[in-house]
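J.: One letter stands for each residue in the lines below.
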Amino acid sequence: MFNFFLLILIYTGIYALMALGQNLITGYTGMLSLCQAGFFAIGSYATAILTTRYGWSFWGTLPVAALLSALFGVLIGLPTLRLKGDYLAIATLGFGEIVRNVLNNWDSLTGGPMGIQRIPMVTIFGFTINPYKKVAFLIMVIIFVLVTYYLFERLGRSRMGRALQAIRDDEIAADAMGINITKYKVWAFAIGASVAGIAGSLQTVYSLSVTPGSYTFMVSVLVLCMVVLGGMGNFAAVILGAFIIQLISYFPQLVGLSGVIPPQFKQILFGAILVVMMIWRPQGIIGVRSYMVGRKNSKKVEVSNELA
Amino acid sequence: MGSISEFFQHLMNGLTLGGIYALIALGYTMVYGILKFINFAHGDILMFGAYIGLFVFNFLRGDSPLGTWTFISFFIAMLISMIVTGALGVAIERIAYKPLRKASRLAPLLSAIGVSFILSNGAAWMWGTQSRKLEYPFDNAPFTVGGVVITPHQVMILIVSLIMMLALIIFVNNTRMGKAMRAVSLDQDTSRLMGINVNSVISLTFAIGSALAASGGMLIALDFKVYPSMGMMIGLKAFVAAVVGGIGNIGGAMLGGILLGLLETFGVAILGIPPAMKDTISFGILILVLLVKPEGLLGKAVREKV
Amino acid sequence: MNLLETENLTRTYGGVIAVNDVSFVAEKGLITGLIGPNGAGKTTLFNNMTGLDLPTKGKVYFEGKDITGWNSHNISRLGISRTFQNIRLFSDMSVVENVMIGRHYMTGNKDHKTGRLKNMLNSYFRMNEEEDIMFENAIKLLKFFGIANLEQELARNLPYGHQRELEIARALASEPKVLFLDEPAAGMNPQETEHLMATIRKIRDTGVSVVLIEHDMKLVMNICDNITVLNYGQMIAQGTPHEIKNNSLVIEAYLGKDED
Chain X
8 MFNFFLLILI
18 YTGIYALMAL
28 GQNLITGYTG
38 MLSLCQAGFF
48 AIGSYATAIL
58 TTRYGWSFWG
68 TLPVAALLSA
78 LFGVLIGLPT
88 LRLKGDYLAI
98 ATLGFGEIVR
108 NVLNNWDSLT
118 GGPMGIQRIP
128 MVTIFGFTIN
138 PYKKVAFLIM
148 VIIFVLVTYY
158 LFERLGRSRM
168 GRALQAIRDD
178 EIAADAMGIN
188 ITKYKVWAFA
198 IGASVAGIAG
208 SLQTVYSLSV
218 TPGSYTFMVS
228 VLVLCMVVLG
238 GMGNFAAVIL
248 GAFIIQLISY
258 FPQLVGLSGV
268 IPPQFKQILF
278 GAILVVMMIW
288 RPQGIIGVRS
298 YMVGRKNSKK
308 VEVSNELA
Chain Z
5 MGSISEFFQH
15 LMNGLTLGGI
25 YALIALGYTM
35 VYGILKFINF
45 AHGDILMFGA
55 YIGLFVFNFL
65 RGDSPLGTWT
75 FISFFIAMLI
85 SMIVTGALGV
95 AIERIAYKPL
105 RKASRLAPLL
115 SAIGVSFILS
125 NGAAWMWGTQ
135 SRKLEYPFDN
145 APFTVGGVVI
155 TPHQVMILIV
165 SLIMMLALII
175 FVNNTRMGKA
185 MRAVSLDQDT
195 SRLMGINVNS
205 VISLTFAIGS
215 ALAASGGMLI
225 ALDFKVYPSM
235 GMMIGLKAFV
245 AAVVGGIGNI
255 GGAMLGGILL
265 GLLETFGVAI
275 LGIPPAMKDT
285 ISFGILILVL
295 LVKPEGLLGK
305 AVREKV
Chain G
10 MNLLETENLT
20 RTYGGVIAVN
30 DVSFVAEKGL
40 ITGLIGPNGA
50 GKTTLFNNMT
60 GLDLPTKGKV
70 YFEGKDITGW
80 NSHNISRLGI
90 SRTFQNIRLF
100 SDMSVVENVM
110 IGRHYMTGNK
120 DHKTGRLKNM
130 LNSYFRMNEE
140 EDIMFENAIK
150 LLKFFGIANL
160 EQELARNLPY
170 GHQRELEIAR
180 ALASEPKVLF
190 LDEPAAGMNP
200 QETEHLMATI
210 RKIRDTGVSV
220 VLIEHDMKLV
230 MNICDNITVL
240 NYGQMIAQGT
250 PHEIKNNSLV
260 IEAYLGKDED
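If you read the protein sequences in the order shown, they are chains X, Z and G. Using the working numbering, the first residue of the first sequence is number 8, and each one after it goes up by one. Using the working numbering, the first residue of the second sequence is number 5, and each one after it goes up by one. Using the working numbering, the first residue of the third sequence is number 10, and each one after it goes up by one.
A portion of the hints provided could be inaccurate.
Derived pair list, reagent style DSS-like, types lysine-lysine, alpha-carbon separation capped at 25 Å [unchecked claim]:
id, chain 1, residue 1, chain 2, residue 2
1, Z, K282, Z, K229
2, G, K66, Z, K297
3, G, K227, G, K37
4, Z, K229, Z, K137
5, G, K37, G, K68
6, Z, K229, X, K190
7, G, K152, G, K186
8, G, K37, G, K211
9, G, K66, Z, K304
In case anyone wonders, no lab produced these hints; they're calculated from the structure.
Turn these sequences into a full structure, and let the hints guide you.
T.: Quick look at the structure:
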């Protein structure tokens with residue numbers, strides 16, 4: 008029971024990474040991407056292939072997973088991000104499916120539907136992080152989430168974060184204010200994709216095997232739910248959203264009712280969460296927080312009615 | 005390319021596939037034309053229609069052998085499925101999209117993804133995940149015309165999609181309601197001022213789009229079976245067809261659908277693209293169109309008024 | 010050399026000619042008014058000069074430089090800033106952030122002396138003073154408009170009049186050479202309009218040239234140094250307010266032809 012709760016926390020952490028990325032893309036920049044699962048898969052397979060076939064260490068595969076995901080993010084983003092609106096959603100939906108299609112069919116590289124097994128465990132300073140002893144693994148995941156959270160929170164408050172929000176609120180005005188919209192969108196998209204890639208690496212060394220079946224559209228929708236439920240534009244809220252969604256996901260097993268509650272039930276619930284939240288509380292359960300509130304030095308500026 | 009007859013063979017296969025894409029693409033394009041948003045749940049509405057059609061057909065048919073009755077009952081099933089699915093489309097719009105008309109651009113999209121998820125998982129829960137076969141209502145033994153092998157199923161697809169499209173064109177261009185529909189797609193507020201009931205026009209749009217999807221779903225189910233996630237890939241392709249033709253443009257959706265069907269068939273036949281990667285073709289076409297002519301073949305570039 | 014001019018600029022949409030062969034001139038340090046009946050092509054001309062729309066034919070010059078076909082954000086960086094007919098604020102951002110966005114492109118990795126990466130990291134971690142300067146600058150501008158007390162409010166929560174002012178403040182934050190105002194007095198009462206006129210004059214007196222579209226004739230005649238009149242996409246007059254007032258073509262465009 009306690010072990011099972013740890014498992015929920017580990018998955019919360021792995022998905023929180025994806026949700027943080029999704030939040031940067033959707034909550035901050037206002038772009039609807041539906042392929043966190045695709046980037047998740049790319050990261051996963053990058054780590055799986057490099058560790059099993061080329062003997063790389065997990066740590067060495069991390070930057071590869073992140074960069075590769077980011078690269079695919081740019082490839083898919085460049086043609087679609089220039090356009091207004093909803094094409095990105097469809098293009099990314101298609102992309103996610105294509106990734107799965109390729110993983111399923113490129114047997115020589117990905118092992119096809121059987122996937123890749125016997126992935127080595129993570130070691131650090133001679134200490135092995137065994138996923139079956141969950142505490143150590145959980146600590147590693149928490150560190151990843153905290154670092155990412157810190158970096159993203161900073162990013163959100165930086166001038167780049169401000170530019171992203173401006174793009175979300177009004178592209179035309181942002182353009183007229185000298186902001187290079189396409190550049191920032193592609194950056195946001197690539198960064199959001201790269202953390203999903205890192206999440207994929209973690210997933211690989213947690214489950215120690217990869218199969219195409221774990222990277223379905225369902226994963227992307229789950230991540231989207233986390234962001235919508237927590238609150239678009241608020242990184243802390245998104246982590247909470249990840250926890251709630253994972254709790255719901257594993258609730259039947261947690262209370263020993265997995266035989267009674269059909270598996271589709273929770274998925275129907277996730278769909279309902281999206282609809283209901285949009286109608287009644289689009290800002291999420293926590294909502295957006297304005298970063299500038301309470302800035303200390305606002306009193307330093309002396310009163311002047313002259314234009315600078 | 006071996007011969008002329010082989011060319012016509014692929015042409016025939018492409019046209020039938022394209023006819024189905026076109027039927028489904030119409031639903032995307034009509035909704036987009038009026039509400040300016042992509043109804044993500046459209047593919048799942050199609051799946052729902054296929055299930056209803058399957059159930060009604062099996063019920064009507066009973067144990068009777070292939071014959072006139074099975075043929076008639078197939079079309080009765082299609083009609084009932086179109087009505088039920090049309091009603092479902094209207095209900096979805098009322099519940100999940102209507103409250104969001106004035107919300108941010110993302111809101112209805114997210115809501116539609118939610119609906120799509122509810123529908124596909126709801127179907128899996130109610131009807132199971134195994135795929136079911138929709139039997140041909142007639143003897144589908146192929147016949148040959150000038151070296152081209154044609155199945156009765158293909159003939160039916162061509163006839164049904166042609167009739168549906170003609171009916172839609174006549175409806176939109178020549179009836180009062182059709183004119184109202186065109187007016188609403190141009191300017192909702194002005195239409196309202198001119199006394200058009202915008203809500204009922206939107207409902208009707210969803211009804212027609214969903215009904216067409218149901219018929220497309222049944223036609224395609226004869227070849228590809230019925231299962232809860234069947235709507236996803238076919239929906240995606242129909243969307244690509246709508247974009248290729250120019251989203252929001254009814255003629256464009258028909259053209260785009262047929263074009264996509266032909267490109268897929270000839271892509272596999274001539275370019276030697278492995279059939280497993282067939283789905284990638286439509287995706288590549290989408291990216292290409294977005295790069296070169298994002299407004300589509302028949303669409304007009306719309307600028308946001310500033 | 011004129012500050013800003015168009016040369017035989019034409020913009021057509023399908024068969025409709027929105028702007029027809031217009032050679033518009035805005036001089037440095039002046040307030041230039043752009044007037045004309047509804048649908049005369051004023052906003053289209055604006056959009057063509059600020060890069061939101063591409064002319065079908067003709068050229069746009071800024072300080073003698075051909076900027077035809079440039080991106081909106083690149084034009085903005087030259088020192089051309091604008092407001093919109095239907096206010097376009099960043100509505101879910103605070104008032105002060107809205108103004109800070111106006112300075113966005115002036116900040117960041119501009120100082121190549123300290124190295125691009127270091128600057129990027131600096132601005133990312135906000136360890137530099139750039140943010141503080143941006144912030145103070147924004148507050149100064151908000152004070153100029155008398156709305157500094159609202160700095161933390163979300164832009165969407167401001168009353169209409171303040172939203173118009175905030176939009177101008179945002180446009181000024183980029184220290185533009187020329188400020189385009191698209192119907193700044195729309196929806197304002199006479200008192201607010203009076204106040205706005207004083208503000209626009211003050212802006213001009215700081216050395217910022219102003220080009221404005223406006224329907225309020227009192228405002229236009231009062232504060233403009235030069236006026237250009239468009240009708241059905243064509244430029245029918247250009248001159249001082251006095252000249253415009255007595256121009257028969259303009260009177261005809263506004264009052265209709267005297268059929269006798």
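J.: Each of the hints needs a verdict: does it hold here or not?
T.: Status of the hints after comparison with the structure:
Restraint check for K282 (chain Z) and K229 (chain Z): satisfied, since their Cα atoms lie roughly 18 Å apart, inside the 25 Å limit. Taking the CA atoms of K66 (chain G) and K297 (chain Z), the gap is near 22 Å; set against the 25 Å cutoff, the hint holds. Among the hinted pairs, K227 (chain G) with K37 (chain G) is consistent with the structure: their alpha-carbon atoms are about 23 Å apart, no more than 25 Å. As the CA atoms of K229 (chain Z) and K137 (chain Z) are separated by approximately 5 Å, the hinted pair is consistent with the 25 Å bound.
About 19 Å separates the Cα atoms of K37 (chain G) and K68 (chain G), which keeps this hinted pair within 25 Å; it holds. For the proposed pair K229 (chain Z) and K190 (chain X), the alpha carbon gap of about 45 Å is over 25 Å, so the pair is violated. For the given pair, K152 (chain G) sits about 21 Å from K186 (chain G) by alpha-carbon distance, which is consistent with the 25 Å threshold. Of the supplied pair hints, the one linking K37 (chain G) and K211 (chain G) holds, its CA atoms being roughly 15 Å apart against a limit of 25 Å.
For the suggested pair K66 (chain G) and K304 (chain Z), the alpha carbons sit about 20 Å apart, so the restraint of at most 25 Å is met.
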